[in-house]
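Enquirer: What follows is each chain in one-letter form.
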Amino acid sequence: MIGARLPRKEDARLVRGLGRFADDTDRPGQLWMRVIRSTVAHGRVRSIDAPAAIAVFTAKDVPDLRIPVRLKVQGVDLSDFLQPVLATEVRYVGEPVAVVLADDPYAAEDAAEQVSVDIEELEPVVTATKAHAAADFSLGYGDVATAFETAAEIVELDFTIGRHSAVPLEPRGLLAVPDPVTGAVEIFGMTKVPVYNKAVLARMLEIDETLIHGRAMDAGGGFGVRGEFYPEDFLVPWLARKLRRPVKWIEDRAEHLVATNHSRQQRHRICAAFDETGRILGLRDDVMHDNGAYCRTHGIIVPELTLAMLPGPYRVPAYAGHITVALTNKTPCGTYRSPGRFEGTSAREQLLDVAADRLGIDRVELRRRNLLTAAELPHARAMSTLGTDVVLDTADYPGLLAKAVAEADRLGYRSEVDSARAGGRLAGLGVAMFLEKSGLGPQDTADVLVSGTGAVHVHTGGTSLGQGIETAMAQIAADELGVDPEIVHVVNGDTDLQPYGGGSWASRSTVVSGGAVQAAAAAVRERAIEIAARILAVTPDKLECGGGVIRVADSPGAEVSLAEVVRACQPTGDQLRPGEPAGLSARRRFEVEHMTYPYGVHIAVVEVDPGTAGVRVLRYLVAYEVGRAVNPTMVEGQLVGGVAQGVGGALLEEFTYDEAGQPQSVTFMDYRLPTAAEVPHVDVLVTEDAPAPGNPLGVRGAGEGGLSAAGGALAGAVRDALGLDDSVEVLPMTADRVRLLMERDK
Amino acid sequence: MTDMQLISLTVNGDEHTLAVESRRTLVDVLRHDLGYTGTHVGCEHGICGACTVLLDGQPVRACLIFGVQADGCEVRTVEGLADGDELSDLQQAFSRCHALQCGFCTPGFLMLAEAYLAEKDGRPADEAEVREVVAANLCRCTGYQGIVEAVCSVAADRAKASG
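Protein chains in written order, with my numbering: chain A, 1 to 746; chain B, 1001 to 1163.
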């Protein structure tokens, strides 16, 4: 089952419209919450007034609480920069200052319009500078000063990455249903890290965490932003418990674009020292990170990942990364798919392109020379990120680069560029290599149990954000138990069924939850064989598991079904011995020592329209080492989907602000997601040449690799198309910026 | 509220008569008044297409239409595509071609594609045209590749079937 291209278990309900998304559940008597948000970027709330008939709650009505950071980084204390649940001093347009409640969402919007908020405006900060630093830190190793002193060639770039966000198609939403008798609260729409968020909410509500029941739902995409703890995640359950009525809140798109985490915005001053043969001697990067108004749940993890992952798959003997995390009066930031890596990879790969030209070495050859070889791995870098040391595991970076280039040649990428150029068109090819990280531990827990019909039930702490985790977990359990994946029922992210578990983020679920599912399924198999041995009156070593039965090897007909085994070990069953727990189930925990590091290559062919300066992506290839693919179709799907977001980030998407801090990207007319017209067909080459050594399945996560090098590859292709000497300087490469590049190099 | 209208509409063959506010959008009527929650709300300004339904056979953004405008109309939603347990050819193709991940935009794409295929009426479609049609809606997960492939594959099958 592992490795099979099975259709997804999720599809049957989703193509029928029978998925259960946040807004699809209602409860009798529910109230609808509407958030009143600041319309100014910085100011002090003087007063909030509403007609007496309107139920309005402001900062003075709710507990004075701030949302804690989920991911601590390098011991930095961020407690001065945490977001309150409702503000008295507002720091960005879109910040919640009050909420209203009504019986119906239209009435709630009407009510919100009758609330007048008077804010004394203060001077906004819209540009990140060292003066507004919330944190400032360095990562690195080696003697960088000497590397630069002895260099034959030094290449330096100033490279800026715009402000993007995940923008999942389903807006956020929550329904909280209180139980007035026990004080418990049931929450629908709590995805990504429900177990962690349950604990945070319990502390904020000052109740025992077992009173919070997070119910698994379908989620319309996550990509980092959905399911973190936002002000609404406190307000909805707090109001439900206070008012003893179900409370529902569904974000609208206008809210989403100013309220949900942004990401990415960084300026890199990156510099590398090379010897005369093009070998990297040292790398330096000084980064300014615009984190928006507060440090939200991700704290400063994106800056940390930016620095820790910047050397990528290359041999970098000395490295000095420094980052300033500046606060500005814009929407606060969190992670967005491939956090830190999209940014760092874009800057580093553009640097290598410029360096290759200066050194007179082919771009691919320069990369090949600097890639760590298989013999040099594992490779420990004297840095840590996400609380774990950076130890690059087994890989064949030069091998994958060679395969990718050969595949692109086979598919005619170079000849397409050549023929376009021969026809007078501005075409170019870009190559970028990246290192990803996945399988963040330290651990995950899964339960596997078999019910009376022989059906297998898997409960994991991973969550399903649309990536197909339900199917992947079913394949892993089915493989271990020798059953048809059809009869495996997976529930992810229900905090009652699975009170432990790290959630789905950082491309960790298949690796870590998958490891736990495999271990729990193996324990169930072992127990099933033990019971079957009693029924069949043979020793367990004579038995094998497969096709939903346990049979005596080489003895046709001597078998029992899993269902019979389950019945035999019920409390009323005839095989349960005194003192033994009833039923056929197991809970197992799986731990990893370090993350595992997938890697890949992106190759892009673009054409620039000389009239409009618009960039069209003609060809796109992703080569990716996944260790082992549980479901190759889903791995490819993740990669192709990632490329679309990469095309968006490289060419189209950007949150801009005016000088007063007013967001200018507040609809889908001005925050431009790529459509089918902008995203090319993507060629995918998935390799399984380097199984991950840190988990028994050998898998590496596949969630982010389609995106990581898209900025780098597309920047390289545009640079090539325009014949630039220097870098493209800024992402996204919108038409007006490409126009400037064309004029710059005239 | 004050401004209520009595409307009748047929959804997937079932007739409904109900009182709605004039300002109530068709998507809210479908989802919240009639329980057809398969039609989704992604942007409420007519860009994303997650709320696409067929109104008298034409694909429309149900977030940009008022329920009262659908008075007397035939509406088809994603719930009407399958014949009992039997998925339509298009639904099967979406699963086969991995044309969905989170599935939130899927109903809108299915209805958009259904209208396009009906318009083709068994004539073959080319990929460039399918891409152009599919570009009407937004998907954030799939990169559109599987969606284009699914629609092309059904167009080809229907063309073959119609001879």
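None of these hints come from the bench; they were simulated from the model.
Hints may contain errors.
[Claimed, not checked] Some but not every residue of chain B turned toward chain A, in silico, with C-beta under 7 Å:
#	residue
1	Q1005
2	L1006
3	S1008
4	H1016
5	G1042
6	E1044
7	A1082
8	F1094
9	H1098
10	C1105
11	R1140
12	Q1145
13	K1160
[Unchecked claim] Which chain B residues stay away from chain A? Per the calculated CB distances, all over 12 Å, these:
#	residue
14	H1040
15	G1122
16	R1158
[To be verified] If you want the footprint, here are the derived chain B segments under chain A, 3+ residues with CB under 8 Å:
#	segment
17	1017-1026
18	1057-1065
19	1128-1139
C-beta atoms are modelled at their ideal positions from N, C-alpha and C, and glycine is treated no differently.
Enquirer: Each hint needs a verdict: does it hold in this structure or not?
Expert: Checked hints:
1. Q1005: 15 Å, violated
2. L1006: This hint is violated: B/L1006 lies away from chain A, its Cβ roughly 18 Å from the closest one there, beyond 7 Å.
3. S1008: This interface hint is violated because 22 Å lies over the 7 Å limit.
4. H1016: 17 Å, violated
5. G1042: 5 Å, holds
6. E1044: 6 Å, holds
7. A1082: 6 Å, holds
8. F1094: It holds, given that the least Cβ distance between B/F1094 and chain A is near 5 Å, below 7 Å.
9. H1098: At 5 Å from the nearest chain A Cβ, B/H1098 passes the 7 Å test, so the hint holds.
10. C1105: With a closest approach of 5 Å, the B/C1105 hint holds.
11. R1140: 5 Å, holds
12. Q1145: With a closest approach of 5 Å, the B/Q1145 hint holds.
13. K1160: 22 Å, violated
14. H1040: 7 Å, violated
15. G1122: Consistent with the label, B/G1122 stays out of reach of chain A, its closest Cβ about 22 Å off (over 12 Å).
16. R1158: Fine: 18 Å to the nearest Cβ keeps B/R1158 off the interface.
17. 1017-1026: holds (count 3)
18. 1057-1065: Check failed, 0 qualifying residues.
19. 1128-1139: As far as the segment 1128-1139 of chain B goes, the hint holds, because 8 residues have Cβ atoms under 8 Å from chain A.
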